[in-house]
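Novice: Each chain, written out:
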Amino acid sequence: MDMANKDATGLLAALAAGIRTGGVEVVDLTHTLSPDFPVMVLPPELGQCQPFRIEEVSRYDERGPGWYWNNISMSEHAGTHFDAPAHWISGRNLPQGTVDELPFDRLIAPAVVLDFSAESRADEDFLLTRGHIEAWEAENGRIEPGSWALFRTDWSKHLGTAKYLNLREDGAHSPGPDASAMEFLVKERGIIGFGTETIGTDCGQGNHMSPPYPAHFILHGNGRYGLQCLAALDRLPARGAIVFAAPLKILHGSGSPLRVFALVPAGMGKE
Amino acid sequence: MTEPIARPPKKDPQKVTRPPELPPVQRSRAALAMSAAAARGVFALQRCAACGEIAYPPRDACPKCLSQQLAFEPVADGGEVIAETIIRTSTDLYFRQRTPWRIGTVRLDCGPSVVAHLHGDVTAPSRVRMVSKLDKSGNAVLMALPERETENMADDPELRELTASPKFRRVLLTDGRGAVGQAVAAALSKAGASIVFVGIAEPWKPFPGQEQLAAIPNVQIMELDLTDTISVRELSGEIGGKTDIIVNTADHVRPGGLLAQGNLVTARDSFDVNVFGLQRLAQAFGPGMRARGADGTNSAAAFVDILPVYALANTPDFGFYSASAAARHSLLQCLRAELRPGGVRVMSIFTGPVEDDWRQHVPPPKVSPGKIAEAVIAALNGGIEESFVGDVAKDIAARFLDNPKVLERELGL
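Going line by line, the protein sequences match chains A and B. In our numbering, each number is its position in the first sequence, counted from 1, plus 73. In our numbering, each number is its position in the second sequence, counted from 1, plus 399.
In isolation and in its complexed conformation, chain A is listed as follows:
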């Protein structure tokens, strides 16, 4: 066993001990997949995203006396889910753009949490700009390459109410980033991806921005990922969390529902 291996062994043993003894806290960032979880709303003449559905196959009954199981069906983009680069036209020609081909080392990465929950509470159409992120960095330090940038809005707390999608005749209203924020995070900070609590990585009115859906367009056009419908971002520290986000290995898949969780040093997470 060489030195590096020895170090890694110690590291993993320390991690396991940390999780066991409570020094490292595991925070679930995932909502329960349920049939009433909303999905993206698009004009009805377009192809539609199928919400999560569950059909019981048997439950210790005449259909299967000793066992319980279900068949499930859903869009790749239902519930708490991962967007791969191939999800967007801007990322259609990139290598390793689908979930079955993701580089394995990207599935576990550090995360920064950009807390703009107060701004989002005050303004349902709050737009995160480059200026906001620079101000955040002035306070919290520079965002390191290879990090997830998680955009905290506390929007997940609206789940179960009409406010979550906040649909009106002129479309949805929820916070999101503008193009300057995404250009900055992707090109100048080298983030691995961008995560939100809302139904998409873009704001509710994303279709009316330039480029349309700037988060999708810029992230995926540069081979980066999206995480949406996240929960419990209010339990993560601004820095120091490690996020585990491994989508299902779907052949040529554009994304997938997944279990996302974070490891945080105990006591550092907010309550």
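Don't read these hints as lab results, they were simulated from the structure. Misleading hints may appear alongside valid ones.
Think about it this way: if two alpha-carbon atoms lie no more than 20 angstroms apart in a straight line, the pair counts; the simulated SDA-like pairs of lysine to any residue are [to be verified]:
| no. | chain 1 | residue 1 | chain 2 | residue 2 |
| --- | --- | --- | --- | --- |
| 1 | B | Lys604 | A | Glu118 |
| 2 | B | Lys604 | A | Glu242 |
| 3 | B | Lys604 | A | Val112 |
| 4 | B | Lys604 | A | Gly296 |
| 5 | B | Lys604 | A | Asp198 |
| 6 | A | Lys236 | B | Lys463 |
| 7 | A | Lys236 | B | Pro607 |
| 8 | A | Lys236 | B | Glu601 |
| 9 | A | Lys230 | B | Trp603 |
| 10 | B | Lys604 | A | Pro117 |
| 11 | A | Lys236 | B | Lys793 |
| 12 | B | Lys604 | A | Pro111 |
| 13 | B | Lys604 | A | Gln278 |
| 14 | B | Lys604 | A | Met113 |
| 15 | A | Lys230 | B | Lys604 |
| 16 | B | Lys604 | A | Gly233 |
| 17 | B | Lys604 | A | Asp243 |
| 18 | B | Lys604 | A | Pro176 |
| 19 | A | Lys236 | A | Thr105 |
| 20 | B | Lys604 | A | Leu119 |
| 21 | A | Lys236 | B | Lys566 |
| 22 | B | Lys604 | A | Gly120 |
| 23 | B | Lys604 | A | Leu240 |
| 24 | B | Lys566 | B | Thr696 |
| 25 | B | Lys604 | A | Phe125 |
| 26 | B | Lys410 | B | Gly687 |
| 27 | A | Lys236 | B | Asp508 |
| 28 | B | Lys604 | A | Glu197 |
| 29 | B | Lys793 | B | Arg439 |
| 30 | B | Lys463 | B | Asp508 |
| 31 | A | Lys236 | B | Pro605 |
Sample of chain B residues with no beta-carbon within 12 angstroms of chain A, all distances over it, derived [as the list claims (entries may be wrong)]:
| no. | residue |
| --- | --- |
| 32 | Pro412 |
| 33 | Cys450 |
| 34 | Asn551 |
| 35 | Ile629 |
Computed, partial: chain B to chain A, Cβ under 8 angstroms [to be verified]:
| no. | residue |
| --- | --- |
| 36 | Val480 |
| 37 | Lys604 |
| 38 | Pro605 |
| 39 | Thr626 |
| 40 | Asp627 |
All residues carry an ideal CB built from backbone N, CA and C; glycine is no exception.
Model the placement of chain B on the given structure of chain A, informed by the hints.
Specialist: Chain B only, in chain A's frame:
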């Protein structure tokens, strides 16, 4: 004058629910043809093509000239009651539960004298108007009604056995998002339904007419998504024991033929609402309704489905939608047989193209939601199993009866 029925008291939890019994079920094939006419609300008897004799009861040969050329056709509905009988006891389980029961002999203007049920407002002797309606077994029976409308006429207990009147009944309407659902909800409320539960899927999506719908008297908005088995089960767990009538207004419409559409996702969505939605609804609510077919004034009475007339023959501009409608029609036939033991009627309301967003490119005539609502109420009040709403639906039905293969070619041109 008929005594108006009173609002039924709340159910006594200590009493056994009266099991549904049926009037005699077996009929000859000839008699079933009379039921088929009654299913569409037509008073039809056999006329002999050879000698012109009107025959009743239905038979295989003319009682006058023995010709076998007997065909059902609409006949004059006038007559005169010449005798009446009150049945006070019976060995038949169905009538035993419902005595005293009045019947009478009626000399029909078109020829034969018949034994018929007598409406309470009919005196003997008197002129009457005859109707042929389906009883709880789904068989045509004759009933003599007063020649002119009387007060509370629909509340007559013998007549009410032959209808599925919404008065004092609790109705579940499955989809209130569209104009059809909203028009039917308003009509049911006006027709005296004591509660109209209106299903709304994905309540976080606002929709036009939302406030007006909620403001209709006796309307209660319920969360219901026919594509979600859990949602349907949960609602049946909540209101399944007091759902007397279901009106399925859910309909997933998309234009496109089999090749043009090329979209399995949309096709599957259509089947999920139109076919499997109907299945989820029937499986969650059907058994409970079938058990409550004789549960007093607000017994379970009818399962109504509103579907496009292209269930009978495919219109290629809505090819996949037509296919889902055909499957739906087939399942309604199955459900009709499965609910009959409970005396619960399955009513199909076939419509022509509805005036809505999905059929903007379809030339008129189109059916307004109000007309569909009228047809639903008429079907319930008349006990009519198959209704055709709008000129297109009536025309397609007539052409289908005449020759389905010719109709296929006509629609495919």
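Novice: Are the hints correct? Go through all of them and say.
Specialist: Here is what the structure says about each hint:
1. B:Lys604 with A:Glu118: holds (16 angstroms)
2. B:Lys604 with A:Glu242: holds (10 angstroms)
3. B:Lys604 with A:Val112: holds (11 angstroms)
4. B:Lys604 with A:Gly296: Given pair lysine 604 (chain B), glycine 296 (chain A) is violated - Cα atoms ~33 angstroms apart, limit 20 angstroms.
5. B:Lys604 with A:Asp198: holds (18 angstroms)
6. A:Lys236 with B:Lys463: Measuring from Cα to Cα gives roughly 76 angstroms; hence the hint is violated.
7. A:Lys236 with B:Pro607: holds (18 angstroms)
8. A:Lys236 with B:Glu601: holds (13 angstroms)
9. A:Lys230 with B:Trp603: Answer holds: lysine 230 (chain A) to tryptophan 603 (chain B) is near 15 angstroms, not above 20 angstroms.
10. B:Lys604 with A:Pro117: holds (13 angstroms)
11. A:Lys236 with B:Lys793: violated (46 angstroms)
12. B:Lys604 with A:Pro111: holds (9 angstroms)
13. B:Lys604 with A:Gln278: Holds. Lysine 604 (chain B) to glutamine 278 (chain A) sits at ~16 angstroms (cutoff 20 angstroms).
14. B:Lys604 with A:Met113: holds (11 angstroms)
15. A:Lys230 with B:Lys604: holds (18 angstroms)
16. B:Lys604 with A:Gly233: holds (12 angstroms)
17. B:Lys604 with A:Asp243: holds (13 angstroms)
18. B:Lys604 with A:Pro176: Given that 20 angstroms is the threshold and the Cα spacing comes to 38 angstroms, the pair is violated.
19. A:Lys236 with A:Thr105: Holds: lysine 236 (chain A) and threonine 105 (chain A) sit about 18 angstroms apart, inside 20 angstroms.
20. B:Lys604 with A:Leu119: holds (17 angstroms)
21. A:Lys236 with B:Lys566: Roughly 39 angstroms between the alpha carbons, so the hint for lysine 236 (chain A) and lysine 566 (chain B) is violated.
22. B:Lys604 with A:Gly120: Given pair lysine 604 (chain B), glycine 120 (chain A) holds - Cα atoms ~18 angstroms apart, limit 20 angstroms.
23. B:Lys604 with A:Leu240: Roughly 6 angstroms between the alpha carbons, so the hint for lysine 604 (chain B) and leucine 240 (chain A) holds.
24. B:Lys566 with B:Thr696: Holds, at roughly 9 angstroms.
25. B:Lys604 with A:Phe125: Roughly 17 angstroms between the alpha carbons, so the hint for lysine 604 (chain B) and phenylalanine 125 (chain A) holds.
26. B:Lys410 with B:Gly687: holds (15 angstroms)
27. A:Lys236 with B:Asp508: Distance of about 67 angstroms is beyond 20 angstroms: violated.
28. B:Lys604 with A:Glu197: Holds - the C-alpha atoms of glutamate 197 (chain A) and lysine 604 (chain B) are around 17 angstroms apart, at most 20 angstroms.
29. B:Lys793 with B:Arg439: holds (12 angstroms)
30. B:Lys463 with B:Asp508: Status holds; Cα separation ~18 angstroms.
31. A:Lys236 with B:Pro605: Judged against 20 angstroms, a Cα distance of about 11 angstroms means the pair holds.
32. Pro412: holds (28 angstroms)
33. Cys450: holds (59 angstroms)
34. Asn551: holds (44 angstroms)
35. Ile629: The assertion about isoleucine 629 (chain B) is violated, with a minimum of 6 angstroms to chain A.
36. Val480: violated (55 angstroms)
37. Lys604: holds (6 angstroms)
38. Pro605: Holds. Min distance 6 angstroms.
39. Thr626: OK, holds: threonine 626 (chain B) within 8 angstroms of chain A, min 7 angstroms.
40. Asp627: Nearest chain A Cβ about 4 angstroms off; hint holds.
Going through the hint list in order, the structure does not satisfy hints 4, 6, 11, 18, 21, 27, 35, 36.
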